[in-house]
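Peer 1: Chains as they are written, first to last, in my numbering: chain A, 531 to 907; chain B, 531 to 907.
Keep in mind the hints are simulated off the structure, nothing from the lab.
Please note that the accuracy of each hint is not assured.
Pairs count within a copy or across copies, as identical chains cannot be separated in the list.
As the list claims (entries may be wrong) - Quick list of in silico lysine-lysine cross-link-like pairs, DSBU-like style, CA-CA up to 30 Å:
#1 854 <-> 637
#2 854 <-> 653
#3 653 <-> 637
On a predicted model such as this, the values are computed, not experimentally measured, just so you know.
2 protein chains.
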Amino acid sequence: MSLPNHFELLATDAQARTGRLTTPHGVVRSPAFMPCGTAGAMKGVHWREVRDAGSDIVLGNTYHLMLRPGAERIAALGGLQRFTGWNGPMLTDSGGFQVMSLSDLRKLSENAVTFRSHIDGAKVELSPERSIEVQRLLGSDIAMQLDECVRLPAERADIERAMQLSLRWAERSKRAFEAAPSGTMLFGIVQGGDLPDLRQASARRLADIGFHGYAIGGLAVGEPQAVMLSMIEQTAPCLPSDRPRYLMGVGTPEDILEAVARGIDMFDCVMPTRNGRHGVAFTRFGQINLRNARHADDPRPLGEESPWPAARSYARAYLHHLVKSGETLGAMLLSEINIAYYQQLMQGMRDAIGTGTFEEFRTRTRAGWARGDIDPR
Amino acid sequence: MSLPNHFELLATDAQARTGRLTTPHGVVRSPAFMPCGTAGAMKGVHWREVRDAGSDIVLGNTYHLMLRPGAERIAALGGLQRFTGWNGPMLTDSGGFQVMSLSDLRKLSENAVTFRSHIDGAKVELSPERSIEVQRLLGSDIAMQLDECVRLPAERADIERAMQLSLRWAERSKRAFEAAPSGTMLFGIVQGGDLPDLRQASARRLADIGFHGYAIGGLAVGEPQAVMLSMIEQTAPCLPSDRPRYLMGVGTPEDILEAVARGIDMFDCVMPTRNGRHGVAFTRFGQINLRNARHADDPRPLGEESPWPAARSYARAYLHHLVKSGETLGAMLLSEINIAYYQQLMQGMRDAIGTGTFEEFRTRTRAGWARGDIDPR
Chain A
531 MSLPNHFELL ATDAQARTGR LTTPHGVVRS PAFMPCGTAG AMKGVHWREV RDAGSDIVLG
591 NTYHLMLRPG AERIAALGGL QRFTGWNGPM LTDSGGFQVM SLSDLRKLSE NAVTFRSHID
651 GAKVELSPER SIEVQRLLGS DIAMQLDECV RLPAERADIE RAMQLSLRWA ERSKRAFEAA
711 PSGTMLFGIV QGGDLPDLRQ ASARRLADIG FHGYAIGGLA VGEPQAVMLS MIEQTAPCLP
771 SDRPRYLMGV GTPEDILEAV ARGIDMFDCV MPTRNGRHGV AFTRFGQINL RNARHADDPR
831 PLGEESPWPA ARSYARAYLH HLVKSGETLG AMLLSEINIA YYQQLMQGMR DAIGTGTFEE
891 FRTRTRAGWA RGDIDPR
Chain B
531 MSLPNHFELL ATDAQARTGR LTTPHGVVRS PAFMPCGTAG AMKGVHWREV RDAGSDIVLG
591 NTYHLMLRPG AERIAALGGL QRFTGWNGPM LTDSGGFQVM SLSDLRKLSE NAVTFRSHID
651 GAKVELSPER SIEVQRLLGS DIAMQLDECV RLPAERADIE RAMQLSLRWA ERSKRAFEAA
711 PSGTMLFGIV QGGDLPDLRQ ASARRLADIG FHGYAIGGLA VGEPQAVMLS MIEQTAPCLP
771 SDRPRYLMGV GTPEDILEAV ARGIDMFDCV MPTRNGRHGV AFTRFGQINL RNARHADDPR
831 PLGEESPWPA ARSYARAYLH HLVKSGETLG AMLLSEINIA YYQQLMQGMR DAIGTGTFEE
891 FRTRTRAGWA RGDIDPR
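The following block holds chain A by itself, in its conformation from the complex (with noise of 0.2 Å):
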C-alpha cells in the first residue's frame, strides 16, 4: 500500500535532484545534509547556530535516547523538539546502527535484537515494533525502519541473510507504523552490502512495501568510495523517483557531492563536528589541520569569503591556539565552522541544481578541494 507523498521535486539536472520535503515541523530544502544531535544535543553547538548555519533538519539516535533519558520521559516533557528545544524537522534512526557498534553481548534473532546498554548494563530488546513505537514517542518527524547493517568486507550469504532479514523487519515496522497514522513519515532502508544483485532487490522489495521515502543504508562501513558510488548508482534508478533518498552516514563533502550527482537527496554524519572536536575545518579549500604549528602565527582567517561569520573573524593562530590548549571553545567554533561549510555546500547544490548548472558546480567546487589550503604565512 502507498504512502502518501511529501516529498515535491523542484529541479532535475542529470541525475541530480533538488527538492522540497514538508514535515510536521517544517520543511527541508534537498539535497539536505543533517547534522547529528547524536543523544539530543548537537556537541558543542547551540541549537541556533545549527539553524543558523542553514540546518533545516538534525538527526536523533534512538539507540542513545532510549537509554538515556528514555523514550517514555521525552514523550512525557513534550518530545524530542520541545525537549530539547530543537523546534525544526528531526529525524530518528531506529537504533540498530548503534547496537551493533556500541553495546556488548548482542544478540540477533528473527524477531528483535536484545542487547545490553553500554551505559549501566541493563538488558533491553528492540525489535522493528519497538524501533517504531520508540520513535513514536520521541516524536520524531521521520522514522526508520529497524534493520541489519553488515560491515564490509563480509561474505555473500552474510550480506544476504541480513538484507532479507532486513526486508521482514521492514514489512513489520510499516505494519506498526500504519498501526497509529500520524502526519510523521516512515523511511525503508536498502541492504545488500557491496553485492548490486542483492541492493537491486532490495530496493525493488522495498519500493512494493511501500514508504515515505528510502534510504541506502550499509556503505560508507568501510569499503573503498568507489565501492559506494557504484552502490549507489546502481540502487537508485530501482528507488521510486518520486520520493526522497537518502544515503545514510555519509560523509565527507567530496562524498556528498558525488551522491547528489548520482541522485540522492538527504545526507547524515558526525563528521562536521567530530573533526572539529579534533582541531579540523571543511573550507572550500579542503580540510584544514588546525593542530598544524603553520597557523601559530597566522593572522587570517580561515576563509576570508565565508558567510559564516566565525569563519571570517577568528585569526588561524586564535584558532590553532585554542586547539593547542584544548580549550573547548575551539571546539565549539570549529563545530559550528564545519556545520556552515557543509550548509553551504548543501545550498550551493540546491542552487546549482535550480539553474542547470550543477555540472559547472561540481567541477569548481572539486577544483577548490583540490587547489588546497592559501601558503603558509
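Here the structure of chain A is known, so what remains is to put chain B in place on it, guided by the hints.
Peer 2: Leaving out everything else, chain B in the frame of chain A:
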C-alpha cells in the same frame, strides 16, 4: 607619585560604592564582576555570550598566556583583544598566583620567581619587570603587580616576609610600568594574610607608592568567610577612597554581596564557569545541582523570571540529561547561565547603590538564596 585617576565614583550607600572605570577598551561599571578567560578563552562560552550576559570586562591569566601561545606572539598578532575577538576591557593578573599553584620546581628570590612550565617543563623566570612587560605585550587594560600570595593558615613570619617582598615588588612594578607610559592602568596588591596590622601596613604603603587602583590579594585561599570579610573591613578604609578596589579571586555570590557591602568594587572568579562544567547553576534561589535526579522529569526552567534566555527556556529535565550524559552543551548552557546570573547580581547591586537601597537589596537577595530552590515536581 600619583597616577591619573580613571575611576569615577557615582554614588555610595553606607560602605557600598558604584562607579565607572574608563579603560582604553571601554567603560567598566562597578561593582564589576570579571569572568575568567584563563588561556584566552572563556571555557565553554562564546565571547558574544559573555558580553550579552552583561560583562564589561574579563580577566586573562598572564601565566597561561605567557607559556602558550606566548606574550610576544600575542603582541605580534595585535594584542589579546584582537587575538581573541573579545573587544572590551581586559585585566591581566601578574602570573604570580598561578606560578605558586600550578608549576613545579618554583624558586623564589628577591629578584624573581623561577619555575618550570607545566606544559613543556621549560625553565621560566618571572620578575616584577618581566610581568609588567608581558602584560604590556598582551595589551592589558589593567595590569597587576607581581606579588607573593601565602596560603592560609600560615605563620606570622611567613606572612610578613611575603607582604614585605610584595611591597618591594610593587615599587619595582610601578617603576617598570612608568618607564613606558600608556593609557593603561596598574594596580597594587595588598597582602598580609589574616593579620589586620600587616594588611593595614601593606595598604598604607601601597597608597603611598600610588597606583591606579588597589587589589586585596591572598584572601579566599582557605580561611573562613568571616576572616575574609573582617580583613576587608580593616583594609578598605586604608585605601584611597577615590580609587577602585579589587578583591582578587572572589567568589560566591554571597562573598561578592558581602564584599560590596564593605566597599569593594571589582571581582573575578572561575566559579561561574567551573561550577557550570560540574552541573551547578547559580540562581536567585541559590545553587542548584542539575545532576540531582529530582530534575530528571521536571519540565520547568531554572528560572521563569530570569532575564537570561537559556535560564528561562531550557527544561531542568533537559539540563539534567545533558549533565548526566556529559554533553558539552550542558556545560556551555550552565556556564553562560551562571555568568548571566553573576552579572544580574552586579547590576542589581549597582542599581540599588545608585538609589540608596542597597541594604534592602542585600536583605532581599539573601532571603532568596536562603529560601532555596523550588520544590521538586
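Peer 1: None of the hints should be skipped; say for each whether it holds.
Peer 2: Status of each hint after checking the structure:
1. Taking identical chains as interchangeable, the C-alpha atoms of residue 854 and residue 637 lie at most 30 Å apart only when they sit on different chains, with a minimum of 28 Å there against 42 Å within one chain.
2. With identical chains, the CA atoms of residue 854 and residue 653 are at most 30 Å apart between copies only, with a shortest distance of 20 Å across copies and 41 Å within one.
3. Proximity of residue 653 to residue 637 under the C-alpha cut-off of 30 Å is restricted to the intra-copy arrangement: shortest distance 11 Å within a copy versus 57 Å between copies.
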